[in-house]
Amino acid sequence: MIRYFINRLLQAIPVLFGVIIITFILMYVIPGDPVVSMVGERYSEETIQRLREEMHLNDPVPIQFIRYVGNVLKGDFGKSFITGEPVTVIIMEKFPNTMMLAVVAMIFAVLIGVSLGMISSISPGSILDRGIMILALAGISAPVFWVGLILVLVVGVMLQWLPPTGFGGIEYIILPALTLGLRSAAYLARLTRSTMLEVLSQDYIRTARSKGLPEWKVFLKHAFPNTLIPVITVIGTDFGSYLSGAVLTESIFGWPGMGRLALEAILKRDFPVIQGTVLFMAVMFVMVNVIVDLLYGVIDPRIRMERTGKQ
Amino acid sequence: MLNALRVLILSLLLAGCTKDIDYQTLTIPYSTDIRGFDPAFATDLRTGKVISLLYDNLVRFDLDMNLVPGAAKHWSVSADGRKYTFIIRNNIRFHNGDLLTVDDIIVSFERILNPQTSSPQTWLLDRITGAKEYLQGYTDSVRGLTVINDSTLTIELDEPFSPFIQYLAMPATAIINKNEMEHLTNIPAGSGPWKLDKWERDGEILFTRNIDYWDGSPKIEHLRIRILSEIMTQSAEFEAGSLDIYEVPKGELEYWRDKDYNKKEENELIIRYVGMNCSRPPFDNIYLRKAMNYAIDREKIIHILLNGSATITSGPVPPRFLTGEVRTQYEYNPGKAINLLKKAGYKNGLNTELYVAGGSEMFHVLEALQSDWAAVGINVEIKRSDWNVFKTAVREGKPDLYYLDWYADYPDGENFLYPLFHSKESMTKRNRFSDPDVDAIIEKIQRLPDNAERQSLIVEANNMIADKAPWVFLWHSKTTYLTQKWIGGFRPSPIFNAQRYTLVTKQIGP
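Respectively, the protein sequence lines represent chains A and B.
So for the first sequence, my numbering puts the first residue at 1; every next one is plus one.
So for the second sequence, my numbering puts the first residue at 1; every next one is plus one.
Isolated chain A, as found in the complex (with noise of 0.2 Å):
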């Protein structure tokens, strides 16, 4: 197990390295200046170039390279374009935000994810099954922006029941983990659903049944730990890339997480922000993964056996 986990860590390091090529290159391919989102209106040239001379932009782009991988791999990612802050301190200060954020939109997506799927397998094809899978299907369907207004305009305008954005306490939590985790909680109502429908008709639970367990025994003793499997499955996928952020439900609630943090970045061409975070995210959505794939280990033993044979 534990040599898994350091072949799989050890596996993301050609990765990495992949993500600063390429995020390097693209930085000076598109067109724009950093330099101009710093001056304002009335610079001199002078300052122009001793801005240039100071970061380093004016080296060759080869050079600038090498510096900056000798740099990450002493840990230090560079400072700011605009701020001047060290873009570890940026991140640092974000990212506990965007974790807050995506894991209370993971749990949204898995209880009502979830609950509904399980629902929705009781009686396969009634009308609350179509109902819920006709939500569902709007749920993967509605973009992101509009669901985020949708929820601002009803439940904190209309309703008042909530404030409409922000940032704090639990309150402003709720409706942008709703917005970010619907899409998660739509997708993993269709997969349990099909997952016990699929569970249901094999001989182990017509067994159980013929025991003459109750119903609700076979349902979540039996059928229902086959869902997680599904559910882990999601999880690594989407929750991976609510840790980069959630640029459009970051905007709309005001949200001041790592999505923002990248497009501001991008938008201004601040460098070692974009290096930093993209780096970051990437770093994230490796660990992610490793760690969904040795919970598929922990919770099916078939997964872990097969492993450990091939080893």
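I should point out that these hints are in silico values taken from the structure, not numbers from a laboratory.
To give an idea of the interface, some chain B residues facing chain A are shown, with a C-beta separation under 10 Å as derived from the structure:
(1) D38
(2) D44
(3) D126
(4) L135
(5) T185
(6) E204
(7) G241
(8) S385
(9) D386
(10) A393
Predicted model only: the values in this text are computed from it and were never measured.
No residue lacks a Cβ here, since even glycine has one placed at the ideal position from N, Cα and C.
Got chain A sorted already, so can you dock chain B onto it with the hints?
Chain B only, in chain A's frame:
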């Protein structure tokens, strides 16, 4: 599912999450975050506004654009216009309790000019005698800055330069506590009417009033600036009552027209324009540039598309800085435009491109301009790109045409002339316009003190530039501010850093 949601939300509400209006806090929105609290890097409007809340300057602008005393209680200018003498108040304390002294002023100004600081705002102070040498790193101090005694300071300039006193009201010339200059990006060191509580980046900036402020404490206890990048979010928050003041976006005027809020309209010190590259074909041709101006129906666009939220231009300078009757030189006259086009040698019309920064709320307006130009045979293709790419292109002189605006740094006609049309500026960062007559008259305006002669020269320069048509002059915009019923004492100001919210109140009842 909706039911489940409702139960969830209701249960949270019952847990005590309801929020009442906070009458101690004034809340306003910004659409993007500031750069920090360092005056040296206050190059954008929002950062500048925040600096003016936290710091004092020698002089400042009031809401009506008058230059009023700040840290200097008196000042005088020598007869030759080169030497400024300031008498400093001796009762101003920085937020940490230190007394503001003449030394703080000198150190603050030298810091802006110091090459180590790398401030892009050196232009504000580089006309002081000895500033250029200091900027190059040849000297340890700026010769033109002199301490006479504990409360007197003189500033000497190389040449008479009348806008200088207004430069001293700009964010970058704010006075910083010389003992606390280490972490200005995050920790301000000013003496202004508001003290910083907290800055949550991309979230909010919180201030508490400076109860001991020498010019009177703000009436309301706290000020909260929320960073809300989505206009829709701002408008929802205002409607929910959690924002107190809201600047209505141009596209939403109709929606808010009959809503029951207090409304204030302000003529902004702004001009919107289309810059034409005057140094190369096709727009080096003055007849073509005039044709561009005659071809568009400004009145109709202002009336129909902008809901009347703009006024017509007579040239680059806003009407408040012009004496006498202000009228436009370019009435809507497509016939004349076609004739001028022929005269310019474009009998069969021409094709060109207009650069626009993305996110502009003006696309429908640009499309109207596009169709007016097409009607006389000028086919303009609109090219959108993000702000940074756009600004880089303009700086490099790439676009033939670009749509942009100019906000006043300080309330003076000169601010709509030199930075935009003097060859030194235009040839390096804008639409490559160069004209010795225009340069000469602008330089003369810069030397003269504010008097009748200067005022008439500003009118003359305005008309001269209108006549040479380096731009398609569009309009001066108005801004509508809405305030909640419980807000009193709010007055918008056309100058960005004059607004310090010190007189605003928030209370129940009318």
